[in-house]
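There are 2 protein chains.
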Amino acid sequence: MASQRTVAADAFARKQVSRTGRPASSPRMGLPAQPSPLRPSSLPLDTVLVGDCIAAMNALPASSVDCVFADPPYNLQLGDAGLLRPDQSRVDAVDDDWDKFASFPSYDAFTREWLAAARRVMKPNATLWVIGSYHNIFRVGSALQDLGYWILNDIVWRKANPMPNFRGKRFTNAHETLIWASRSAESKGYTFHYDALKGGNEDLQMRSDWFIPLCTGDERLKDDEGRKVHPTQKPEALLARTLLAATNPGDVVLDPFFGTGTTGAVAKRLGRRFIGIERDPGYAAAARERIAGIETLSQASLLVAPTKRAEPRVPFLSVIEAGHVRAGETLTDERGRFRATVRPDGQLDNGLVIGSIHKIGALVQGLPACNGWTFWHTERNGRKTCIDSFRNEIRATMAGA
Amino acid sequence: MASQRTVAADAFARKQVSRTGRPASSPRMGLPAQPSPLRPSSLPLDTVLVGDCIAAMNALPASSVDCVFADPPYNLQLGDAGLLRPDQSRVDAVDDDWDKFASFPSYDAFTREWLAAARRVMKPNATLWVIGSYHNIFRVGSALQDLGYWILNDIVWRKANPMPNFRGKRFTNAHETLIWASRSAESKGYTFHYDALKGGNEDLQMRSDWFIPLCTGDERLKDDEGRKVHPTQKPEALLARTLLAATNPGDVVLDPFFGTGTTGAVAKRLGRRFIGIERDPGYAAAARERIAGIETLSQASLLVAPTKRAEPRVPFLSVIEAGHVRAGETLTDERGRFRATVRPDGQLDNGLVIGSIHKIGALVQGLPACNGWTFWHTERNGRKTCIDSFRNEIRATMAGA
DNA sequence: AGATCACATGAATCACGAT
DNA sequence: TATCGTGATTCATGTGATC
Numbered sequence: 001m002a003s004q005r006t007v008a009a010d011a012f013a014r015k016q017v018s019r020t021g022r023p024a025s026s027p028r029m030g031l032p033a034q035p036s037p038l039r040p041s042s043l044p045l046d047t048v049l050v051g052d053c054i055a056a057m058n059a060l061p062a063s064s065v066d067c068v069f070a071d072p073p074y075n076l077q078l079g080d081a082g083l084l085r086p087d088q089s090r091v092d093a094v095d096d097d098w099d100k101f102a103s104f105p106s107y108d109a110f111t112r113e114w115l116a117a118a119r120r121v122m123k124p125n126a127t128l129w130v131i132g133s134y135h136n137i138f139r140v141g142s143a144l145q146d147l148g149y150w151i152l153n154d155i156v157w158r159k160a161n162p163m164p165n166f167r168g169k170r171f172t173n174a175h176e177t178l179i180w181a182s183r184s185a186e187s188k189g190y191t192f193h194y195d196a197l198k199g200g201n202e203d204l205q206m207r208s209d210w211f212i213p214l215c216t217g218d219e220r221l222k223d224d225e226g227r228k229v230h231p232t233q234k235p236e237a238l239l240a241r242t243l244l245a246a247t248n249p250g251d252v253v254l255d256p257f258f259g260t261g262t263t264g265a266v267a268k269r270l271g272r273r274f275i276g277i278e279r280d281p282g283y284a285a286a287a288r289e290r291i292a293g294i295e296t297l298s299q300a301s302l303l304v305a306p307t308k309r310a311e312p313r314v315p316f317l318s319v320i321e322a323g324h325v326r327a328g329e330t331l332t333d334e335r336g337r338f339r340a341t342v343r344p345d346g347q348l349d350n351g352l353v354i355g356s357i358h359k360i361g362a363l364v365q366g367l368p369a370c371n372g373w374t375f376w377h378t379e380r381n382g383r384k385t386c387i388d389s390f391r392n393e394i395r396a397t398m399a400g401a
Numbered sequence: 001m002a003s004q005r006t007v008a009a010d011a012f013a014r015k016q017v018s019r020t021g022r023p024a025s026s027p028r029m030g031l032p033a034q035p036s037p038l039r040p041s042s043l044p045l046d047t048v049l050v051g052d053c054i055a056a057m058n059a060l061p062a063s064s065v066d067c068v069f070a071d072p073p074y075n076l077q078l079g080d081a082g083l084l085r086p087d088q089s090r091v092d093a094v095d096d097d098w099d100k101f102a103s104f105p106s107y108d109a110f111t112r113e114w115l116a117a118a119r120r121v122m123k124p125n126a127t128l129w130v131i132g133s134y135h136n137i138f139r140v141g142s143a144l145q146d147l148g149y150w151i152l153n154d155i156v157w158r159k160a161n162p163m164p165n166f167r168g169k170r171f172t173n174a175h176e177t178l179i180w181a182s183r184s185a186e187s188k189g190y191t192f193h194y195d196a197l198k199g200g201n202e203d204l205q206m207r208s209d210w211f212i213p214l215c216t217g218d219e220r221l222k223d224d225e226g227r228k229v230h231p232t233q234k235p236e237a238l239l240a241r242t243l244l245a246a247t248n249p250g251d252v253v254l255d256p257f258f259g260t261g262t263t264g265a266v267a268k269r270l271g272r273r274f275i276g277i278e279r280d281p282g283y284a285a286a287a288r289e290r291i292a293g294i295e296t297l298s299q300a301s302l303l304v305a306p307t308k309r310a311e312p313r314v315p316f317l318s319v320i321e322a323g324h325v326r327a328g329e330t331l332t333d334e335r336g337r338f339r340a341t342v343r344p345d346g347q348l349d350n351g352l353v354i355g356s357i358h359k360i361g362a363l364v365q366g367l368p369a370c371n372g373w374t375f376w377h378t379e380r381n382g383r384k385t386c387i388d389s390f391r392n393e394i395r396a397t398m399a400g401a
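Protein chains in written order, with UniProt numbering: chain A, 1 to 401; chain B, 1 to 401.
Don't take each hint at face value.
One copy or two, it doesn't matter: identical chains are merged, so the pair holds either way.
Subject to a maximum C-alpha distance of 30 angstroms in a straight line, what follows is the list of computed DSS-like cross-link-like pairs (lysine-lysine) [to be verified]:
| no. | residue 1 | residue 2 |
| --- | --- | --- |
| 1 | 169 | 188 |
| 2 | 222 | 384 |
| 3 | 169 | 359 |
| 4 | 359 | 384 |
| 5 | 198 | 188 |
| 6 | 222 | 359 |
| 7 | 359 | 228 |
| 8 | 198 | 222 |
Read the hints as simulated data drawn from the structure, not as lab findings.
Between the sequences and the hints, there should be enough to build the whole structure, so can you do that?
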């Protein structure tokens with residue numbers, strides 16, 4: 001039975017942490033390629049906790065996860081009053097419309113509660129993803145703004161094959177919305193693999209509208225009778241893009257509405273760690289079985305290419321010391337409009353002011369700022385060379401050392 | 001002076017309705033093709049009222065308009081420093097006073113007030129459109145749900161040519177969101193021209209994601225010195241699709257944030273009546289002059305504007321997500337001279353450098369540029385397949401999207 | 001006349017580490 | 001915590017000048 005294979009989140013909430021619920025045959029999941037340091041050992045990594053997500057999150061240590069992906073319940077009329085109404089109120093009205101309208105406050109309370117619990121668990125630079133449709137996403141967006149989250153983007157998942165509108169009364173509802181938010185407006189150091197996404201998009205910035213098919217075919221979990229196990233299983237491609245964009249290998253991703261574990265499956269494949277929380281033992285069991293069959297991609301393919309900003313800093317003085325540029329030499333911009341003289345201390349002199357390559361570059365152009373490395377050029381045999389190429393040579397020699 | 005040509009909304013609010021503010025030389029605008037019956041004669045049709053939109057709406061008779069289109073302030077939270085492009089030029093951002101709110105609660109209060117005023121003016125089967133971005137749309141959506149509006153769709157305006165993200169810190173913010181809502185859940189008789197939209201969309205249901213260019217070129221209103229008159233003028237194509245979908249000829253469209261009158265211009269062209277409310281006399285004057293130059297299309301030509309097809313740009317990442325190529329797989333050129341490994345983020349790795357299919361293709365050949373789509377091949381059962389064929393398969397699934 | 005290039009610009013919550 | 005110096009960063013489209 002699924003329930004025998006589960007980790008009880010309530011037990012975890014009482015600090016009686018036990019991972020023995022995971023079947024012994026289950027392999028270790030998602031060995032981290034680059035484990036984050038200082039992670040509390042009490043985190044139930046690569047585990048599916050069964051129980052209420054708010055209690056389970058409140059039992060986790062604060063500031064302990066790098067990313068949250070949440071696919072909360074959308075529909076306010078599911079009749080699952082226990083989940084949607086933390087105040088335990090139950091609406092017996094048969095009138096759907098009244099039910100929906102009356103339940104906004106309780107849905108909002110539930111939303112605020114789980115968003116607050118998630119925020120506590122997030123590291124200062126962690127980010128949160130939430131997916132929803134027009135039924136709930138406005139409630140979610142307002143709540144997370146009210147709680148101090150800082151929205152970075154809203155992302156449109158454009159469905160390749162949406163369900164048509166059968167009655168012809170509306171536009172085909174062909175998309176869902178994801179909100180990507182940092183923990184607060186001050187969280188400037190969040191992870192975003194800008195260059196990787198750009199490189200995977202023909203060297204153009206990745207936009208906020210993503211075209212991805214629904215989860216169908218072999219990817220869709222089915223039971224013995226061929227029925228879908230979960231009504232709203234998300235495509236792995238969607239999760240892959242979010243995790244590639246906003247996490248590093250080894251990062252911990254928390255999913256408080258784990259369902260059948262798409263987040264865990266993708267996290268494991270991409271060398272991330274996961275913590276799943278799921279109320280339904282059947283879903284949790286299906287998720288475990290699914291994730292056990294996933295293999296992590298090779299570490300080499302997961303390595304994050306260093307960004308330009310992360311490369312070692314090279315003083316312009318080093319370029320002179322290395323002999324690429326001589327003191328007393330004249331530098332010009334690419335078109336030869338501006339000139340400055342190289343001083344032996346690594347500063348430039350335009351005849352009036354002495355300063356850094358950046359400062360003098362900005363000055364001669366009358367601009368507030370300038371990247372001197374790409375602005376200034378040397379001339380050798382009538383050919384102009386950007387001084388940034390000398391920096392690259394020095395960096396290459398540093399890499400070998 | 002603009003202020004001499006305006007209709008004072010405050011005066012209208014005091015029931016001292018006067019349309020003499022409209023210059024005598026101004027032609028009658030937007031003669032209705034099929035006037036709706038029972039319209040109160042006191043409606044200031046095809047007029048721009050100047051003043052506070054809430055007061056002006058409260059002065060209109062209840063249940064009198066067929067549609068509302070609203071482009072409220074977005075409550076953008078601008079950094080103090082402003083934003084510089086990579087070439088150090090400054091972005092002409094929205095920093096107008098009308099977009100400044102002290103806090104979310106004050107924005108929410110404003111939003112609730114104008115939404116409530118609009119709802120009173122709406123006929124029982126009228127619908128409301130609101131456009132916004134992630135800065136404000138969640139507040140708006142929550143507020144209108146709270147007020148009893150019934151959301152029919154959220155629509156994504158995918159911008160053909162959005163402003164890039166200059167700092168590489170986020171996804172390109174390439175869309176805005178429209179909410180389409182009826183006055184209440186009981187409003188079952190709202191107008192929706194399903195068949196017309198389908199007919200104008202190659203016999204496919206019109207989806208909730210619309211691909212439309214920004215308002216630029218001749219359509220963009222400019223002052224004598226070539227500067228844009230309004231910072232956020234919307235494209236007429238966007239308004240045209242909303243009005244064609246949700247109104248009939250002769251219907252009255254109310255725009256409480258009229259700006260430079262895109263709603264009025266499109267309404268007149270399509271044979272709808274309009275009521276514009278605008279706080280700024282300068283904008284109102286520009287709107288009047290603009291609308292005066294519009295001619296109503298003949299009845300026969302009131303067809304759905306043909307949908308602009310999205311340039312079906314496909315990221316190489318999508319090819320991996322779709323399973324055509326696996327992360328970790330090796331790609332070669334047609335003759336098998338060069339090799340590179342596919343990364344899960346859609347980049348290639350030739351063992352030394354990580355980059356896009358184009359960049360690595362160029363690199364291995366020592367060429368300045370390369371079309372990676374036609375250069376790289378997979379090998380299956382000894383047969384080589386160009387990765388461009390996978391792109392074509394994905395494009396086939398994008399038909400209609 | 002047509003092609004090419006240089007430049008401008010659009011609702012934007014847009015840096016970061018060392019000292 | 002604040003200040004300061006380095007130096008990273010853009011896509012589609014329209015307009016007007018130049019070849």
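Hints numbered earlier in the text: which of these fail when held up against the supplied structure? Of the numbered hints, 2, 6, 7 and 8 do not hold.
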